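2 protein chains.
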Amino acid sequence: MYIIMVYDIKEKRVAKILKIARKYLNWVQNSVLEGELTNSQFRRLKFEIKEKLNVEEDFVIYFILKNSSLLKKEIEGTPKVENTNFL
Amino acid sequence: MYIIMVYDIKEKRVAKILKIARKYLNWVQNSVLEGELTNSQFRRLKFEIKEKLNVEEDFVIYFILKNSSLLKKEIEGTPKVENTNFL
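Sequence lines, in order, name chains A and B. Going by the working numbering, the first sequence opens with residue 1, and the numbers climb by one from there. Going by the working numbering, the second sequence opens with residue 1, and the numbers climb by one from there.
Treat the hints loosely; a few may be bogus.
Remember, identical chains collapse to one label, so a pair may be satisfied in a single copy or spanning two.
Unchecked claim - In silico SDA-like cross-links for lysine to any residue, where the CA-CA straight-line distance does not exceed 20 Å: (1) Lys72 x Glu51; (2) Lys80 x Val14; (3) Lys10 x Gln29; (4) Lys80 x Asp58; (5) Lys50 x Ala15; (6) Lys46 x Pro79; (7) Lys10 x Ile75; (8) Lys52 x Glu11; (9) Lys46 x Glu76; (10) Lys10 x Glu76; (11) Lys12 x Gly35; (12) Lys46 x Lys72; (13) Lys73 x Asp58; (14) Lys19 x Lys80; (15) Lys73 x Leu33; (16) Lys73 x Met1; (17) Lys80 x Glu56.
Worth flagging that the hints you see were computed from the coordinates, not collected in a lab. Computed from a prediction, not measured in an experiment: that's the story for all the values here.
Hey, can you work out the whole structure from these sequences and the hints?
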């Protein structure tokens, strides 16, 4: 399955959430990651994220597709470089 | 076609870009909108966004699917309320 993960996380938890997400997905831009995952990888990602999340303050959406062939991407402008001082 | 639009825009242009995007798509969270568009609506959205974009400083990705039935969504946490002082 292909996953696009977007999130809006309180500043104090962003680094931890990003660190987990980057184990499974590719960083695209601030608050957006994507990648191909197996069912079990996706379950583990969700479990690890949920452990760190404050469900009152934080918000995560997983857009799920059967596979990446169903998806086209169009890009405008200049891709951002990841802000690595979060790592 | 179903569109997920994510963007990373310089502060001074965010309000303008968001105002255009909201004419076509539904706000989901900061920097993320989604919705069903016809080909011509999508062309107009891209044209209007491109007119306001600084291609050196800004970045927009359109994830494009044939239709929303190909997409599942899973949500964790509390959806954000749109910061309307951008409008």
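Here's how the hints hold up against the structure:
1. Lys72 x Glu51: Close neither inside one copy (32 Å) nor across copies (22 Å); limit 20 Å.
2. Lys80 x Val14: So Lys80 and Val14 pass the 20 Å test inside a copy (17 Å) and across (16 Å) alike.
3. Lys10 x Gln29: For Lys10 and Gln29, the Cα distance is within 20 Å both inside one copy (17 Å) and across copies (13 Å).
4. Lys80 x Asp58: For Lys80 and Asp58, the Cα distance is within 20 Å only across copies (8 Å; inside one copy 23 Å).
5. Lys50 x Ala15: Within one copy only: 14 Å inside, 32 Å across.
6. Lys46 x Pro79: Between copies only: 17 Å across, 26 Å inside.
7. Lys10 x Ile75: between (27 Å within a copy, 16 Å between copies)
8. Lys52 x Glu11: within (13 Å within a copy, 29 Å between copies)
9. Lys46 x Glu76: between (30 Å within a copy, 9 Å between copies)
10. Lys10 x Glu76: Classified as between: cross-chain Cα gap 14 Å, same-chain 28 Å, threshold 20 Å.
11. Lys12 x Gly35: Neither, since 25 Å and 31 Å both go past 20 Å.
12. Lys46 x Lys72: Between copies, since 15 Å is at most 20 Å while 25 Å is not.
13. Lys73 x Asp58: between (27 Å within a copy, 17 Å between copies)
14. Lys19 x Lys80: For Lys19 and Lys80, only the intra-copy Cα distance (18 Å) is at most 20 Å; the inter-copy one is 22 Å.
15. Lys73 x Leu33: both (14 Å within a copy, 15 Å between copies)
16. Lys73 x Met1: both (17 Å within a copy, 12 Å between copies)
17. Lys80 x Glu56: between (29 Å within a copy, 10 Å between copies)
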